[in-house]
Amino acid sequence: MLYVDGMNGLISHNETVQWLYTLIGSKFRLVVKTALKLLLVFVEYTEPNTALLIQAVNTVDTKRGRRDQTTALHTHTHTHTH
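With full-length UniProt numbering applied, the sequence shown covers 1 to 82.
No lab work stands behind these hints, which were simulated from the structure alone.
One or more hints might be untrue.
Mimicking SDA-like on lysine to any residue, the simulated pairs with C-alpha atoms at most 20 angstroms apart in a straight line are [as the list claims (entries may be wrong)]: (1) Lys63 to Ala51; (2) Lys37 to Gly9; (3) Lys63 to Glu47.
Work out the full structure, taking the sequences as your base and the hints as a guide.
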């Protein structure tokens with residue numbers, strides 16, 4: 001993702017951003033940490049990427065029948081209680 005072509009590919013393929021978001025719900029801590037770091041790099045790359053991440057979060061959570069940012073809040077709670 002750090003290469004411009006790769007980042008531009010990610011920007012144009014929201015399904016990959018959705019997939020990364022689903023990984024933060026993993027039971028494996030290293031997977032969660034890596035997914036969060038990659039999403040942070042994605043959001044920091046360019047300001048409009050924040051809207052793309054929000055779109056991905058809403059899409060995934062809607063498909064799962066969850067309210068917005070449920071997974072993110074669950075991850076935050078889970079990592080701070082264990």
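How the hints compare with the structure:
| no. | hint | result |
| --- | --- | --- |
| 1 | Lys63 to Ala51 | holds, 18 angstroms |
| 2 | Lys37 to Gly9 | holds, 18 angstroms |
| 3 | Lys63 to Glu47 | violated, 26 angstroms |
Hint compliance for this structure: hint 3 alone is broken.
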